[in-house]
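Asker: Listed below are the residues making up each chain.
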Amino acid sequence: MEKFITHDGVAVPLARTNVNTDDIIPARFLKSIRRTGFGKFLFANWRYLEDGHTPNPDFVLNEPGYEDASILVADENFGCGSSREHAPWALREYGFVCIIAPSFADIFYNNCFNSNILPITLASSQVATLLNSLRPGASTLHVDLPSQSVTTAEGHTFHFEIDPFNKNAAMEGLDNIGWSLSHKDEILAYEKARRQEAPWLFP
Amino acid sequence: MPPRTMFEKIWDAHIVRDEPGEVPMLYIDRHLTHEATSPQAFAGLRERNLPVHRPETTIAVIDHNVPTTPGRRLVDVVDEPSVMCIETMEENARDFGVTLLDMNNEDQGIVHVVGPELGLSLPGMTVVCGDSHTSTHGALGIFAVGIGTSEVEHVLATQCLLQRKPKTMNIHIDGVLRPGVTAKDIALAVIGKLGTNVGTHHVIEFSGSAVRSLTIEGRMTLCNMAIEAGARAGMVAPDDVTIEYVRGRRFAPSGELFEQAAEQWKALATDPGARFDAEYHLAVDDLAPQVTWGTNPGMVVDVTGTIPDPAAESDPVARAGIEQALEYMGLEPGQRIQDVEVDTVFIGSCTNSRVEDLRMAAGYVAGRRVAANVRAIVVPGSMSVRRQAEEEGLADIFREAGFEWREAGCSMCIAMNGDRLSAGERCASTSNRNFEGRQGRGGQTHLVSPATAAATAVTGRFADVRAL
Ligand code: SF4
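Top line first, the protein sequences correspond to chains A and B.
For the numbering used here, count along the first sequence from 1 and bump the result up by 160.
For the numbering used here, count along the second sequence from 1 and bump the result up by 55.
Same shape as in the complex, but just chain A (with noise of 0.2 angstroms):
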């Protein structure tokens, strides 16, 4: 995994509530068996016309000056829909480390971190600041891990709250498999416990 510090970059605002898994990659661009090859249908449905390949000038990605932007701005609930990792990692791959939302779906959320995004949850008010804010040209963030803080190019300051095992595995860059093989022996306790307890789940 790579570590996440600080990251400074363009901030885009995404201003619709319950975006969902669909609607960041459609099914019918998952079919694929690698981790990669994603980006360019994100949000595919929105960002391109009919066509399937012209740029929609009214979708926001689109807008001259959000070209380089690598922090999304979203409202509630975003995320929410099918477990597909296929959609942070196309995110990733468009070229989003960091993703800012008053709130996010549980599965989406976990998946972040397990796709090298940082996904960061700020009050309802902050986000709305934001998202009223941003301009094209006008919009970088600064965003500081160790601080678990948003800085506006104003100035303004965010406080987030992040779970501490989430923000140590993501400044660290820790691999959750290598963790968890390393208390294989608890595993194999536990295992040989349940067995006694509940032998039905050991045919």
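A few of these clues could be false.
As the list claims (entries may be wrong) - Computed Cβ-Cβ distance ranges for the label pairs, DEER-style:
| no. | chain 1 | residue 1 | chain 2 | residue 2 | range |
| --- | --- | --- | --- | --- | --- |
| 1 | A | Glu-351 | B | Asp-229 | 39 to 45 angstroms |
| 2 | B | Arg-521 | A | Gln-308 | 38 to 44 angstroms |
| 3 | B | Lys-222 | A | Gly-225 | 37 to 43 angstroms |
| 4 | A | Asp-168 | B | Arg-128 | 50 to 56 angstroms |
| 5 | B | Glu-382 | A | Asp-168 | 35 to 41 angstroms |
It should be emphasised that the hints constitute simulated quantities derived from the structure, not laboratory data.
We treat Cβ as the ideally placed atom computed from N, Cα and C, and that holds for glycine.
With the hints as your guide, set chain B with the ligand onto chain A.
Answerer: Just chain B with the ligand, lined up with the frame of chain A:
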């Protein structure tokens, strides 16, 4: 020990390690996988040179990409990438020693239909699958969660999931449903009233007299939709109905072992006095059949209702949401739901494709014809459901009425396999997501029960089953 909820009992029994400052390690009893979200996980194991920790408890199913046309073969698969996903699943199952229900296996079906049906999902278990509707299995009193592909890899490698303990919620649903009103209508009404994110960070236990009266299949429909309320999982406590449902299933324990397990299952119910982090109450005596009008499952009204007017909404964000949904759905404020004509009726998906759903639908179809303007398809949830429906004569009823009678798979629920809507095509669907483009780009999905779907197929517009 203080009184505990059902969820807490199952949680406590599965903790491998829970130290301060860490995320708890939860043991997983059953791992179900499918071809759409597992290839990268198995590839990860190969890179790390790791085996599957317990291949005998890992089961693979091919469901998302399969064609549903009768007599299907690999050449019927919609495109080359889908063939690649299917062949990769076959190769991974073979190489890692995992049982596979392949396209032409007699037990093939949608993963969430097959799991309970074969007795792979049992009360008191923890079950995961790289699929959000894993919540379905909770109907048997299981903590069943959908996970991402990295977590699939984690469970394959360790048989554990790193999982923060969710909060608990109890939704009491009381009353007696009117004839023609179903578990699907309860689910849609719950989401309509409480919202699409009421369950975020929570496990929902559904309780109350209306839930107790549901069959296991109805409870599965309800738990299936828990994810649409944002929940980590949905659950119903095991009772005698649950135990009789499980008895005799192929992978369920038998004899002495079954009796021992059943004793443990009966003890899972939430203790009197146990506290939930949140509680809601809903009465369903007067519940009407529900029809969604918008682009998330919470945008729902009674079948006797009208399309809402965004002008009546004071919150600007909510108003914009309604306007966007109406524009996408091609609907006008004030329009009567029962005046809206449909082009397609889809009966299927892990929400409503079990034999009871098909029986209910067939009841409204028998002796009638599908309306001239409608294409109607029935996609059974599993090949076993399909066989049973054929034996009971349901398939004949559907075919004689003008429905297409398909083979098992996810089909038009997710539109990956070739079954899909075209832009502007309006569909009454028994599936679970009316998201933009879910059933095909530009397709307009209305979620309904199997009863409403069947009645709508014969009338050509949304029908109130109570009047049929
Ligand atoms: S039927 Fe639909 S919701 Fe269910 S597993 Fe298949 S694609 Fe997912």
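Asker: For each hint, tell me whether it holds in the structure or not.
Answerer: Right, here's what the structure says about each hint:
1. Restraint check, Glu-351 (chain A) to Asp-229 (chain B): a C-beta distance of roughly 41 angstroms satisfies the suggested window 39 to 45 angstroms.
2. Hint check: Arg-521 (chain B) to Gln-308 (chain A), Cβ distance near 55 angstroms, so the stated range 38 to 44 angstroms is violated.
3. Separated by about 41 angstroms at the C-beta atoms, Lys-222 (chain B) and Gly-225 (chain A) satisfy the suggested range of 37 to 43 angstroms.
4. The hinted range of 50 to 56 angstroms is satisfied by Asp-168 (chain A) and Arg-128 (chain B), whose Cβ atoms lie roughly 54 angstroms apart.
5. Checked against the hint of 35 to 41 angstroms, the C-beta distance between Glu-382 (chain B) and Asp-168 (chain A) comes to roughly 37 angstroms, which is consistent with it.
In summary, the one numbered hint that this structure violates is 2.
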